Every structure is written in C-alpha cells, then in structure tokens.
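Asker: Starting from the given sequences, assemble the full structure and let the hints guide the process.
For the record, the sequence lines run as chains B and F. FYI, in the working numbering the residues of the first sequence are 8 to 349. FYI, in the working numbering the residues of the second sequence are 516 to 753.
Coverage of chain B stretches by chain F, computed from C-beta distances (three or more under 8 Å per stretch; other residues unrestricted):
1. 191-202
2. 208-217
Estimated spans, in silico, between C-beta atoms of each pair:
3. B/Thr330 - F/Thr684: 37 to 43 Å
4. B/Tyr142 - F/Val533: 53 to 59 Å
5. F/Thr684 - B/Leu114: 39 to 45 Å
6. B/Gly151 - F/Gly531: 49 to 55 Å
7. B/Gly145 - F/Asp583: 48 to 54 Å
8. B/Leu169 - F/Asp631: 50 to 56 Å
9. F/Ala685 - B/Leu325: 44 to 50 Å
10. B/Arg113 - F/Glu697: 34 to 40 Å
11. B/Ala329 - F/Ala638: 32 to 38 Å
12. F/Arg580 - B/Tyr142: 54 to 60 Å
13. F/Thr573 - B/Arg113: 15 to 21 Å
14. B/Ala24 - F/Glu635: 40 to 46 Å
15. B/Asn83 - F/Asp574: 55 to 61 Å
16. B/Gly157 - F/Asp631: 56 to 62 Å
Bear in mind the hints are in silico, worked out from the structure with no lab data behind them. Please read all numbers here as calculations on a predicted model, not as lab measurements. For every residue, glycine included, the Cβ atom is placed at its ideal position computed from N, Cα and C.
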Amino acid sequence: MTGATRRDTALVVILGAALILGLPLVIDTHVLTLLVAYGMLALSLGLIWGFGGVLCFGQAAFFGLGAYTFAIAGINIGESTLPLILAVLVPAGFALVLGAMMFYGRLGDVYLAVITLVVSLILFRWLNTTAGPAYVIGNARLGGFNGIPGFPILNVPGRPDLMIWGEPLYYAAAVTLLVVFLLVSWLLRSSFGRIAIGIRENEERVALLGYDIRARKTVLFAIGAAIAGLAGALYATWAEVVTPTLFSLQQSAEIIIWCIVGGLGTRFGPILGAAVLAYLKFALGQQSVIDNMFILGLVLVLFVLFLPRGIAPELARLGAWATGSRRRPARRRPPPAGVADG
Amino acid sequence: MAETVLETEGLTMRFGGVVAVDNVSLKLAARELRCLIGPNGAGKSTFFKCLCGLLTPTDGRVYLRGEDTTGWETHQIAALGVGIKMQVPSVMDGLSVHENIWMAARRHDDTAGANDRAEEVIARLALGPIARSPLARLAHGERQRVELGIVMAADPWLVLLDEPAAGMTAEEVARMGEIIREMTRTAAVLIVEHDMQFIRALASTVTVFHRGRVLMEDHVDRVMADPVVRDVYLGKQA
Numbered sequence: 008m009t010g011a012t013r014r015d016t017a018l019v020v021i022l023g024a025a026l027i028l029g030l031p032l033v034i035d036t037h038v039l040t041l042l043v044a045y046g047m048l049a050l051s052l053g054l055i056w057g058f059g060g061v062l063c064f065g066q067a068a069f070f071g072l073g074a075y076t077f078a079i080a081g082i083n084i085g086e087s088t089l090p091l092i093l094a095v096l097v098p099a100g101f102a103l104v105l106g107a108m109m110f111y112g113r114l115g116d117v118y119l120a121v122i123t124l125v126v127s128l129i130l131f132r133w134l135n136t137t138a139g140p141a142y143v144i145g146n147a148r149l150g151g152f153n154g155i156p157g158f159p160i161l162n163v164p165g166r167p168d169l170m171i172w173g174e175p176l177y178y179a180a181a182v183t184l185l186v187v188f189l190l191v192s193w194l195l196r197s198s199f200g201r202i203a204i205g206i207r208e209n210e211e212r213v214a215l216l217g218y219d220i221r222a223r224k225t226v227l228f229a230i231g232a233a234i235a236g237l238a239g240a241l242y243a244t245w246a247e248v249v250t251p252t253l254f255s256l257q258q259s260a261e262i263i264i265w266c267i268v269g270g271l272g273t274r275f276g277p278i279l280g281a282a283v284l285a286y287l288k289f290a291l292g293q294q295s296v297i298d299n300m301f302i303l304g305l306v307l308v309l310f311v312l313f314l315p316r317g318i319a320p321e322l323a324r325l326g327a328w329a330t331g332s333r334r335r336p337a338r339r340r341p342p343p344a345g346v347a348d349g
Numbered sequence: 516m517a518e519t520v521l522e523t524e525g526l527t528m529r530f531g532g533v534v535a536v537d538n539v540s541l542k543l544a545a546r547e548l549r550c551l552i553g554p555n556g557a558g559k560s561t562f563f564k565c566l567c568g569l570l571t572p573t574d575g576r577v578y579l580r581g582e583d584t585t586g587w588e589t590h591q592i593a594a595l596g597v598g599i600k601m602q603v604p605s606v607m608d609g610l611s612v613h614e615n616i617w618m619a620a621r622r623h624d625d626t627a628g629a630n631d632r633a634e635e636v637i638a639r640l641a642l643g644p645i646a647r648s649p650l651a652r653l654a655h656g657e658r659q660r661v662e663l664g665i666v667m668a669a670d671p672w673l674v675l676l677d678e679p680a681a682g683m684t685a686e687e688v689a690r691m692g693e694i695i696r697e698m699t700r701t702a703a704v705l706i707v708e709h710d711m712q713f714i715r716a717l718a719s720t721v722t723v724f725h726r727g728r729v730l731m732e733d734h735v736d737r738v739m740a741d742p743v744v745r746d747v748y749l750g751k752q753a
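Answerer: This is the structure we're talking about:
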C-alpha cells in the first residue's frame, strides 16, 4: 500500500512539474494562470461530487466568496497573506453552516442542488444591488455590479512591497494547485476519504455501519468550499477586480460541465475539463462568428452522448490498452477493484 | 439467566389509521437466536425498522443492553455494536469486497486493525478469490454473503437480519445457516424470515407476528404444529 502510494505521489509530482514547465511554451502564462484557478475550482467540485456524491450546483458561490474575501480583506489589511488565509476560511465556514443545515435537514440530492444554486443566485443578486456608498465593509466598498477594483494583489508573505504577478504568479498558482492536488490525493487515501467514497456508493449501508453521514458530508462539503475559495483568491489576484458575475448562473453551470467533460470520479479529470473548456472559450472569444455558449453546449451534449465517462477515464483506458498487452496476461480475471483514476 | 440484550416495551407504530405494530413486547437474551415470522403485512419489517432506528415508533420503547435507544439515529444504534442487514442487499457496489468489509471493521478499529479484521472475515467466509472484485460484478448469493461479512466485521453483540436467505440457492441457504450459527457464539441474532425450511434448519425460538401483534412465541417445532399458526400463516401458503 505504501509502495503504491509513493509511486502515485512521485508520478503526480513528475507529471505536474512537466506540465507546469512545459505548458508556458505553448500557451501564454497569463491565460495559463486563469486555467490553473479554474482547474482548482473544478477540482473542488470534483472532490465533493465525484468522490463524495454531493452535487453542489453553487460551487461558484464559494469561488466568489473566496474572491470577494480576498479583495475586501486586502483593502482593509493592506497586504495579501492574511486575506489569502481568510479566502479559504470564510467560504469553508459558510459551507459548514450551509452544509449542516442541508445535511442535518435530510434534504434529498435534488433539493441540495437547488438550494446551493439559489444561494449563489441570492449572493449574485444582492451584490448587484450594493452600488451605493452605504455598502462598505471596513474601507472596502462593495461597488454593486462594477465590483471591487484596486485591491492589493498577491505579495510574498511578509513583504507587501514584493508583488507576485505575471509569470511568477503563474508558477505560484500552478505549484499551489499541485500541492492541493496532492492533499486531495492524500485525503482520498485516508479513512475519511475512503468512507466518503462509501457514502457516495451507498449512504444507507454506511449509516448502518455506524458512521454519521451528516457530519461527514458536511465536513467534505466544507473542504470543497475551502479549495473553491482558494481558487477564487487566485482568480481575484489574477483579474485584479472582482465582480458579481463570479456568482452567476453561467459560472455555476460551467463548473459542472468541466467536471462532466473531464471525468467524474477522477482527480485529474475535472482539472483537465476546466483547462480544455476554458481555453476553448478563450480561443472562441477572439472571434465573433459563432456564439461561445453554443459551442460549449454542443461539447457537453456530444460528451454526454458519446463519452459519458469523460476525457480522463478514456485516456486512462487508452493508456492501459497501450501498455496492457504485456502487463495483463490473465485477461479473463476481473480487473482489480477501485475507482477509475486518471 | 443470560443478560437481556434487546427489549421492546409496548412498541407501537401507526401509519395514519393503520396500526402496523401493536403493543409488542419482546425480549432477546445474549447469544440467543430468534426468528420472526408472520404473513405479509404482519408488521415484521416495520418492527425491524423500529429496532434499527429507520423508523421512530409512535409509542413504546426500545432498550439495547438496558440503554433506551428509542428514537436514536441508525448510525448511533449501529455504533453501539449492532450489526444490521436490510432485506434488499445493501452494499457499496462500486467498491471491492475487501473495501466493503474494511469499512465495516474501520468503525471500531484503526486502519491497520481494520485491514487485519477484513482479511480474517474474508478468509472465514471463503471470499478470498473475489476479494478484489467490485460488488457490482458479483452474483446475488455472493453479495448476500459479502453483506453478512460486513455485519460480522464490526464484531457485533446483536445482529438484526431481514430475510437473509431471500433469493438464494439451497446450497447457499445451508451455508448461510452455518454462518448464522457461528455468529450466535458471540452475538444474539434476530432474523425476520419467510423461508420455513431455513427456519426449521436453524431450529430456534420463533416469534409469530399477526396483524401487528405477537401471536405466539415458542420453539419452531411447536409453532409449526400449532393449529392457529397454521391457519393464519402456513395454511394460506399451502
């Protein structure tokens, strides 16, 4: 078990490092930073939905909360280290309360999706109405639909004068994503993660084993929100402005599409889905012949019809097929169990 | 007299105007094997669900090892050391046999201890060859057996089984009987069952439910010979 764990970790680090160093040769680092932030956001939903079975339709709410927290705390504090920590803690705390209300209230999956969606829409509508001077938190004006510009961007911890932007921001964000990925991998290998997967598979059975489903789901939900909040902070420091559109319906829907296209139940799939689709959207945004949303919708429909498991599981199968002829002599035996992982 | 591990006191469950379980008082001693039988709609399954916390009884109380557990959550009751198996095989389909059993053992042990326990249960139930297969690929009888393994892995002192022999072959039923016999060495076992042959083979005390009430409680042979029981239950089946 430990051997496999070490091999997995080594593989992730080597592949991750190769991608971090290789991708800037192909794609501009400014765009890549955004893809990294979106990838982390997708990873957060991939964790709670793909492994925990909790379909949150409002993951954008935690993303937006993280971004707004980073901006508001930055303006009030004047540097970025504490705001970055708050951008993780505030969404996590919010999710802890919201999750406890939903899971202890025994809401079904559909109602959970609806409530999370409504929560993010409420935040979206409310922030749009905060244009007046009355809406301030400390020194930060919420600014209505124009959002908050001009907050301190990410700086080296303890050195407010050393800003991180441009190429260094890309490397900082990408390494952060790699670290979060390793933490998620560790979580999924831990007893907590394995039992969370059990809950996804059969909630009733796990309850009959004596585990408190509600508490475990609430904690997992909060962990997902913390990761989404961190992604939001990265987005904020990249965009240098936060606006209510972070909470929009379109943003929420896109995260779900990323996960479906990339591959649910895998760690890498959602990140891949986010990167591919966000890049596609960026590329399509530079022309005006075809509408952006039309293409994204088409991609989703094609995937649901022809590759319902997503890109990552198919890639993994392709990889297994390419190397499998030598490594799997006993073909008739059932393959080892476990979640497909890419 | 052995310790009483399960006791209900005037347990009543009403659904609107229907009284599914009517004032049932039942006692189960440590390491006792007890079958609950009765015609369809007699209230066996409702009674069973009240015991394991899936339903909160309208009236009356449930005591487990003297502790009043009425209205407790299922997971709290299971955590006391009660192994539960519902009527429909309830397993984690996407996970391997080992992972299923490990998860049950993990509740009362650390990761390594749970691993050892899972290996032990797998060996005892002869599940070795399929230990790494996902449950979704297994046959019905195998899934039932794995679920018994899940129940065993937690090392319970009370086991509640709802129709464990349903849909199994004669050979599998015989094996199931052996496993249940073995369980009674450490735990009291309460079984809701339809299969009379299976109950006869277990040769235990039987409690007969009829219209939500306990009709009679005696050894299986005397119950089967009783004309009233034959009339309400067996008579209709023949």
